[in-house]
Amino acid sequence: MPGRRSDRSGLTMDMMAAGETGDLRASLRRAERARTLRGLGLALPLILFTLVFFVLPIAGMLVKSVQNGPMPDIMPETSALLQAWRSSEPRGVPDEAVFAAFAGELRTASQNRTLPELATRLNFENAGYRSLLMATARRLPDAPVGSWRDTLVGLNPQWGEVAIWAAMGRASPRLTEGYLLAALDHRRDDNDHIQATDASRAVYVTSLLRTLEISAIVTLLCLVLAYPLAYRLATLPESTANLLMILVLLPFWTSLLVRTASWLVILQREGPLNQALQWLGLIDQPLELAFNRPGVIIAMTHVLLPFMVLPIYSVMKGIPSNYMRAATSLGAPFFTAFRRVYFPLSLPGVTAGCLLVFILAIGYYITPLLIGGANDQMVSALIAFLTLQTLNWGLAAALGAVLLVITIALYFIYTRVVGTDGVKLG
Amino acid sequence: MPMGARIRGILLWSVSILVIAFLVLPLLVIVPISFSSASFLSLPIPGFSLRWYEALLTSPVWGRAILNSLIVGVIATVIAVGLGTLAAVGLHRNEFRGKALLMGVLISPMIVPIVIVALGSYFFYAPLGLSSSLLGLGLAHAALGAPFVLITVSATLTGFDANFARAAASLGAPPLTVFRRVTLPIIAPGVISGALFAFVTSFDEVVVALFLTGPLQRTLPRQMFDGIRENISPTILAAATLLIVLAVGLLLTAEMLRRRSQRLRGIS
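Taken in sequence, the protein lines are chains S and U. Per the working numbering: the first sequence = residues 243 to 668. Per the working numbering: the second sequence = residues 3 to 270.
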């Protein structure tokens with residue numbers, strides 16, 4: 243029967259087809275996966291290198307920001323006792339057991355020469371604790387005169403106050419949130435309540451806010467200068483635009499230090515800018531332009547401007563010129579057409595440029611350091627100072643962690659809005 | 003042309019020229035001062051002299067600094083170009099879950115504030131014996147430069163017609179030969195401009211150098227930084243002028259490569 247036969251053959255063909263496409267799909271997927279893996283294999287050296295020499299050091303910095311210091315290693319018994327004491331309420335001066343343990347471990351630390359390390363750590367809690375600790379260790383008798391408590395208070399009355407014990411208590415655990423709190427201008431008081439740092443010492447949030455403020459001003463200035471230039475370049479013939487683009491890119495390729503040195507020369511009291519302004523009769527006295535905020539902002543704007551021009555220009559180049567012509571031919575005045583048609587189309591470039599410039603600006607260090615005054619230093623300079631001068635690595639790392647979090651948040655927005663493919667280099 | 007459009011055109015040109023002048027002129031101001039016969043830093047110069055260039059080129063300190071910078075730059079560039087090119091080839095047209103995250107991490111050295119990299123390296127390198135060594139600084143700079151290579155090579159690959167590679171493979175060339183004889187010549191402009199970026203990144207980097215180097219590993223930017231900080235002298239401007247000449251050379255090379263690459267890929 244033809245009908246039946248065709249039915250059967252149809253069925254067989256269906257089955258065969260199903261089997262074949264299944265195989266095909268599976269083998270395609272296999273081939274695809276093998277290709278992906280081969281590609282990842284080629285990328286593996288860079289992935290590993292970046293992990294070891296970039297991600298790992300930064301992770302190490304983050305760990306440093308919560309590591310407390312040497313107290314639990316140098317004075318294990320005192321540390322354990324002080325942690326128990328910290329949970330007591332209301333808090334008075336610790337009892338004799340703590341004093342005795344401390345006196346014993348102070349002597350050991352002094353003999354093992356580990357005391358200076360501990361004294362440095364406690365000095366971060368309160369400047370003056372280093373000398374208190376070192377002087378006490380020097381004059382510590384072998385046996386107590388009366389109780390250890392009376393002996394220590396006899397050497398220095400500070401041992402009879404809660405403050406020093408609370409400071410050692412804060413230094414006792416292995417991990418601490420103290421550096422992160424300090425980076426945000428907060429601290430734990432003698433009763434372990436979190437409090438704002440005194441206004442006179444609250445320098446870190448001030449410096450963070452100043453960093454954000456300078457970066458925002460620089461970003462805005464870059465945008466104002468870059469937008470018309472990018473528009474001009476985008477509406478010129480390709481060859482002319484390329485020629486002018488070389489001039490835009492020249493500062494981009496020139497050493498940051500060269501550009502900073504140039505601005506120092508230009509902005510100094512007897513510099514060309516003051517000379518020119520005086521020659522033009524605009525000013526009588528030379529202006530103070532270097533070592534202050536305007537100098538920092540001018541120099542940073544100069545350094546970061548190419549990073550704003552490039553993304554705006556590349557977006558504008560993709561806007562067909564007949565859109566504006568269509569709008570004006572329909573009767574829209576130029577500025578209406580620009581505002582309603584061209585500007586919205588150029589916004590992706592504006593967003594990319596602003597985010598990029600802002601992200602780069604908040605990490606600036608060299609330019610503000612060399613051109614700014616004491617009140618123009620950005621948070622990077624503070625981190626470097628804490629690391630290289632005061633050696634307060636925990637606080638430096640904590641401040642670095644705060645800066646990193648801000649940067650990563652902005653970078654995340656950037657990759658969402660622009661994508662990593664949007665990072666272009668001319 | 004209507005009046006309004008002409009005025010707009012003139013305004014736009016004036017603003018653009020002013021902005022370009024703002025970008026370029028500051029660099030040119032220091033060039034004449036570096037040829038001054040006097041030691042003060044103002045224009046016009048009282049007389050022409052090459053004494054600051056002589057001071058620069060005969061000083062053992064500056065010579066050492068230039069040599070150190072070249073060594074570090076070469077280490078950083080070689081590593082960044084090798085790893086960056088391989089990764090760009092491997093990741094090109096290769097879609098998988100988590101690729102955006104991976105790219106984000108690989109590009110992040112361009113974005114993370116340099117002082118954080120410096121601080122992390124400062125803690126990380128000391129126990130490895132890599133602090134106060136040119137190799138350590140080169141490794142840190144390689145991590146900073148690799149993203150540039152990844153980006154420039156990826157950009158050249160975007161226009162790369164995969165059929166060339168397929169054709170070579172179908173004619174029996176082993177993968178390595180395909181890469182060497184077909185892929186590499188086509189992506190070469192991207193590789194070279196990536197190398198230029200990586201080298202400049204290292205040659206110009208001062209913050210990590212401040213954290214990682216001692217007096218013996220002083221690099222050129224670090225030497226300039228100290229000079230500017232202490233007392234800015236015409237010697238520094240002479241060094242700066244030479245660096246501007248280098249920048250112009252690098253820029254023109256990069257631009258030439260970009261055009262060549264567009265031609266090779268048939269874009270322009």
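By construction, these hints were calculated from the structure, which means they are not laboratory data. Just so it is clear, the structure is predicted and the values come from calculations on it, not from any experiment. Even glycine gets a Cβ: it sits at the ideal position worked out from N, Cα and C. Some hints here could point you the wrong way.
[To be verified] From the derived model, a few chain U residues whose C-beta atoms are all more than 12 Å from chain S:
1. S39
2. G49
3. Y55
4. E56
5. A57
6. N165
7. F166
8. A241
[Said to hold, decoys possible] Facing chain S, according to a computed beta carbon distance under 10 Å, are these residues of chain U, among others:
9. L108
10. S134
11. V209
12. I234
13. R265
[Stated by the list, open to error] Computed footprint of chain S on chain U, listed as stretches where at least three residues anywhere in the stretch have a Cβ under 8 Å from a Cβ of chain S:
14. 5-16
15. 20-33
16. 68-80
17. 100-106
18. 109-120
19. 219-233
20. 244-251
Quiz prompt | In rising order, the numbers of the hints this structure does not comply with | solution = The structure breaks hints 8, 10, 13 and 16; every other hint is satisfied.
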